[in-house]
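Student: Letter by letter, the chains look like this.
Protein chains: 2
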Amino acid sequence: MLIKDVSLLHSGQLVSGRDILIEEGRIARVGRGLKDESGDEAIDGHGKLAIPGLINCHTHLAMTLLRGYADDMELMPWLQEKIWPLEARLTEEDIRWGVKLGCLEQIRHGITCYNDMYYHPDTTAQATREMGLRAFISGVVFDMKPELLGQVEPFIRRWKSDPLITPAVGPHAAYTCSEETLLKAKEIADRHNCMIHIHLSETRSEVDGFLLSKGMSPVEYLDSLGLLGPRLAAVHCVWLSPEDCFLLAERGANAVTCPVSNLKLTSGIAPLNVMLQAGVNVCLGTDGASSNNNLNLFQEMKVGAITQKNAYHTPAAFTADQIWGMATENARQAFRLDLGLHQGALADLSLIDLKKPWLCPQSNMVSHLVYSMSGGVDSTIVNGKVLMNGGIIPGEKEILERAQERFLHLTS
Amino acid sequence: MLIKDVSLLHSGQLVSGRDILIEEGRIARVGRGLKDESGDEAIDGHGKLAIPGLINCHTHLAMTLLRGYADDMELMPWLQEKIWPLEARLTEEDIRWGVKLGCLEQIRHGITCYNDMYYHPDTTAQATREMGLRAFISGVVFDMKPELLGQVEPFIRRWKSDPLITPAVGPHAAYTCSEETLLKAKEIADRHNCMIHIHLSETRSEVDGFLLSKGMSPVEYLDSLGLLGPRLAAVHCVWLSPEDCFLLAERGANAVTCPVSNLKLTSGIAPLNVMLQAGVNVCLGTDGASSNNNLNLFQEMKVGAITQKNAYHTPAAFTADQIWGMATENARQAFRLDLGLHQGALADLSLIDLKKPWLCPQSNMVSHLVYSMSGGVDSTIVNGKVLMNGGIIPGEKEILERAQERFLHLTS
Chain S
1 MLIKDVSLLH SGQLVSGRDI LIEEGRIARV GRGLKDESGD EAIDGHGKLA IPGLINCHTH
61 LAMTLLRGYA DDMELMPWLQ EKIWPLEARL TEEDIRWGVK LGCLEQIRHG ITCYNDMYYH
121 PDTTAQATRE MGLRAFISGV VFDMKPELLG QVEPFIRRWK SDPLITPAVG PHAAYTCSEE
181 TLLKAKEIAD RHNCMIHIHL SETRSEVDGF LLSKGMSPVE YLDSLGLLGP RLAAVHCVWL
241 SPEDCFLLAE RGANAVTCPV SNLKLTSGIA PLNVMLQAGV NVCLGTDGAS SNNNLNLFQE
301 MKVGAITQKN AYHTPAAFTA DQIWGMATEN ARQAFRLDLG LHQGALADLS LIDLKKPWLC
361 PQSNMVSHLV YSMSGGVDST IVNGKVLMNG GIIPGEKEIL ERAQERFLHL TS
Chain V
1 MLIKDVSLLH SGQLVSGRDI LIEEGRIARV GRGLKDESGD EAIDGHGKLA IPGLINCHTH
61 LAMTLLRGYA DDMELMPWLQ EKIWPLEARL TEEDIRWGVK LGCLEQIRHG ITCYNDMYYH
121 PDTTAQATRE MGLRAFISGV VFDMKPELLG QVEPFIRRWK SDPLITPAVG PHAAYTCSEE
181 TLLKAKEIAD RHNCMIHIHL SETRSEVDGF LLSKGMSPVE YLDSLGLLGP RLAAVHCVWL
241 SPEDCFLLAE RGANAVTCPV SNLKLTSGIA PLNVMLQAGV NVCLGTDGAS SNNNLNLFQE
301 MKVGAITQKN AYHTPAAFTA DQIWGMATEN ARQAFRLDLG LHQGALADLS LIDLKKPWLC
361 PQSNMVSHLV YSMSGGVDST IVNGKVLMNG GIIPGEKEIL ERAQERFLHL TS
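Heads up: the protein sequence lines correspond to chains S and V, in order. Reminder that position 277 of the first sequence reads as 277 in our numbering, one-by-one numbering, no gaps. Reminder that position 19 of the second sequence reads as 19 in our numbering, one-by-one numbering, no gaps.
Hints may contain errors.
Copies of the same chain are indistinguishable here, so a pair counts whether it falls within one copy or spans any two.
Claimed, not checked - Taking lysine-lysine and the DSSO-like style, the derived pairs with C-alpha atoms no more than 30 Å apart in a straight line are:
id	residue 1	residue 2
1	214	186
2	385	4
3	397	355
4	160	35
5	82	355
6	35	214
7	355	186
8	82	35
9	385	355
10	214	385
11	145	214
12	4	186
13	397	184
14	184	355
Don't read these hints as lab results, they were simulated from the structure.
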């Protein structure tokens with residue numbers, strides 16, 4: 001497949017008139033005047049910007065079905081009266097259509113890969129497969145549902161050879177999993193060389209609880225169990241001490257920040273400036289749609305950058321390039337994906353319509369993508385397969401209808 | 001003109017199958033099975049949500065041309081090295097295309113009216129007229145350019161009978177205008193019964209400066225000059241004491257908050273919860289694109305609500321309904337516009353495509369508009385005239401090209 005006459009970013013500068021040749025799910029060449037022998041219809045890239053696919057480094061995709069169901073409530077009533085009772089009734093069919101709805105939305109925002117943690121990971125994996133996205137899917141584990149731990153390893157075995165789905169283990173958090181559970185999760189991850197996906201130091205009370213009961217922070221506690229390492233995706237990391245930041249960096253662990261969710265649930269503002277200074281590999285995620293309420297990484301970049309500026313009292317504190325790097329290179333490093341618009345990279349990319357007023361004038365395109373982007377992803381391609389072209393996603397209407405049906409059934 | 005089979009919000013609930021009949025720039029009827037005698041082609045509203053036009057209560061629209069030109073810099077170098085030198089070179093032609101670019105963007109975000117403050121207000125008014133938006137346009141006044149004060153009244157006289165443009169006076173701020181200038185601005189506003197548009201208590205150093213030099217806050221200072229009243233739009237109001245809030249409320253003055261700009265320029269987080277409790281009429285604006293960097297009021301609502309929640313340490317602190325009310329009813333009250341989907345109201349409205357994944361499931365539409373909206377404004381109508389239909393704005397391509405030319409010329 002050939003994308004003709006498209007624009008690219010080279011060191012932040014817009015260059016136009018390039019062709020991208022895609023063969024067997026990878027970028028075969030990028031240059032001018034390329035020819036395609038495949039016989040596939042070419043995609044007209046004129047007036048469009050190609051960017052590597054974005055990775056949403058933390059979500060609970062099935063919860064897209066719960067978007068807007070409950071907002072603006074105190075945390076415990078929200079969980080106890082609204083989210084948990086509804087989650088208890090979620091069927092695999094609900095999860096299937098919630099995931100497909102979330103995939104639709106991510107495709108529309110140029111997200112080609114996501115990192116998930118939820119119940120029924122097989123259903124999530126199957127629905128994602130049908131939608132064509134790439135995903136790291138963790139079977140969630142916590143002590144209130146002891147049966148979950150036993151289900152993770154069979155799930156990993158079933159999916160570990162899949163070209164698009166990478167299974168992982170998702171111990172929910174240090175405060176919901178016993179030491180034994182955390183060590184078993186680590187054993188499984190070690191045995192299968194897979195990632196560990198965990199919530200970490202999200203709220204002040206979580207951190208205070210560990211300091212009082214164990215005399216160490218949740219980060220130090222996980223380190224004492226040997227969980228900190230390059231295969232760890234530690235999500236939120238809002239309440240980190242400088243020592244926690246250095247420890248995460250030293251161990252090569254990956255942190256995922258979700259700025260919108262942290263504000264909406266009033267968890268706080270993560271010390272991203274300190275984390276980056278300490279050398280932590282910080283990535284970006286949207287969290288689930290019930291605490292965001294969308295899956296828009298461009299918005300996440302903007303909110304992340306401007307809240308850091310304000311928290312550190314200077315507009316220079318966090319730049320568009322820094323947050324763009326977190327959303328792109330850092331995420332690729334965490335998930336070890338060869339993504340980018342270079343020869344040999346995975347053909348996961350999107351095309352953005354440059355003829356939108358919010359991208360004009362074409363002064364500083366990275367600034368526009370971070371601070372001004374308000375839609376206009378025209379096409380999304382994963383593993384060389386076109387999932388959206390010219391704003392059209394085949395089957396979208398049915399998914400929206402089925403998701404609506406499931407929501408009404410669930411809440412009736 | 002008839003909009004057929006559209007959905008509306010009634011007390012926050014979605015109702016469908018309604019028709020909206022528009023005659024002579026006003027909504028003539030809303031109901032079922034309406035007939036249109038005009039012979040105009042009907043607009044198909046099926047699968048779309050009609051909302052009253054949004055009012056962007058503070059911007060410097062011509063500065064849309066400077067979007068992305070300079071970000072992530074300390075305030076004074078940003079102004080002194082980047083913004084002011086460029087502004088000094090801005091011609092009327094630059095302003096004309098900057099304003100048209102900003103109008104395009106606002107039309108795409110469902111904004112039908114905006115409140116502007118900038119140089120060359122006649123050019124802004126003329127360009128806005130050509131684009132078909134409604135606007136309150138202030139000639140800016142400050143002491144560094146003493147000639148500006150004398151230009152305001154003639155500008156007001158030229159435009160005061162215009163059906164779409166309402167002229168106003170815009171003393172820039174209490175720290176850039178002498179007492180004499182502020183009093184003259186008030187005189188002009190009194191004489192023409194027009195609004196006063198001013199920046200107020202934006203930064204901590206501004207407020208500290210007044211407390212040290214005058215023994216009162218900027219709000220108290222303006223009150224001592226008689227400027228606080230229902231015709232005042234006081235923009236930013238980040239650093240208000242509770243007493244300032246009560247004073248604004250008591251005088252019936254309108255406050256305009258710009259949450260994104262306040263974070264990006266690190267001015268801080270306005271005490272919206274206190275302001276609403278005190279009874280201040282708080283409205284919402286985007287500020288100029290050089291400090292935001294877009295003109296998207298939906299994004300402004302989300303950032304405003306979630307930062308308030310976090311600042312007051314509870315998700316219940318600020319609800320979607322509250323910020324939606326600020327963006328709609330409060331703005332209408334400030335600018336005394338009879339807007340809404342009721343008989344006799346101005347026909348300023350937009351249609352939003354409900355078949356977008358971020359609006360699904362259709363659980364709580366106000367929540368979706370505030371927290372999840374990521375584009376999909378399909379049509380925008382001002383004063384009964386269709387400015388965008390099905391995502392098409394006639395002449396958009398030329399405006400984008402001309403804005404790009406002006407930017408390159410300006411920065412070459």
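Student: From the Cα coordinates, with 30 Å as the cut-off, is the pair residue 4 and residue 186 best called within, between, both, or neither?
Tutor: Neither: 46 Å inside a copy, 59 Å across copies.
Student: Given a CA cutoff of 30 Å, do residue 397 and residue 184 count as a within-copy pair, a between-copy pair, both, or neither?
Tutor: neither (42 Å within a copy, 59 Å between copies)
Student: Is it within a copy, between copies, both, or neither that the alpha carbon of residue 184 lies no farther than 30 Å from that of residue 355?
Tutor: For residue 184 and residue 355, neither the intra-copy (52 Å) nor the inter-copy (44 Å) Cα distance is at most 30 Å.
Student: Could you figure out if residue 82 and residue 355 sit no more than 30 Å apart (CA to CA) within one copy, between two copies, both or neither?
Tutor: Cα proximity of residue 82 and residue 355: across copies only (26 Å, versus 42 Å in one copy).
Student: When no copy is named, should residue 355 and residue 186 be tagged within, between, both, or neither for a Cα gap of at most 30 Å?
Tutor: Neither way: residue 355 and residue 186 sit 48 Å apart in one copy and 43 Å across, limit 30 Å.
Student: Within a copy, between copies, both or neither: which one fits residue 145 and residue 214 at a CA-CA cutoff of 30 Å?
Tutor: So residue 145 and residue 214 pass the 30 Å test inside one copy only (24 Å; across, 64 Å).
Student: Can you give me the call for residue 35 and residue 214, within, between, both or neither, at a CA distance of at most 30 Å?
Tutor: Close neither inside one copy (63 Å) nor across copies (73 Å); limit 30 Å.
Student: For the identical chains here, do residue 385 and residue 355 meet the 30 Å Cα criterion within one copy, between copies, both, or neither?
Tutor: both (25 Å within a copy, 24 Å between copies)
Student: Please work out whether the CA atoms of residue 82 and residue 35 approach to 30 Å or closer within one copy, between two copies, in both situations, or in neither?
Tutor: neither (56 Å within a copy, 44 Å between copies)
Student: I want to check one pair: residue 385 and residue 4. Are their C-alpha atoms no more than 30 Å apart within a copy, between two copies, both, or neither?
Tutor: within (16 Å within a copy, 39 Å between copies)
Student: Have a look at residue 214 and residue 385 and pick one of within, between, both or neither, based on CA distance no larger than 30 Å.
Tutor: Result: close neither inside a copy nor across copies, 50 Å intra and 67 Å inter.
Student: Using 30 Å as the alpha carbon limit, work out where residue 214 and residue 186 are close: within a copy, between copies, both or neither.
Tutor: Within one copy only: 20 Å inside a chain, 64 Å across chains, cut-off 30 Å.
In this structure, the hints that do not hold are numbers 4, 6, 7, 8, 10, 12, 13 and 14, in rising order.
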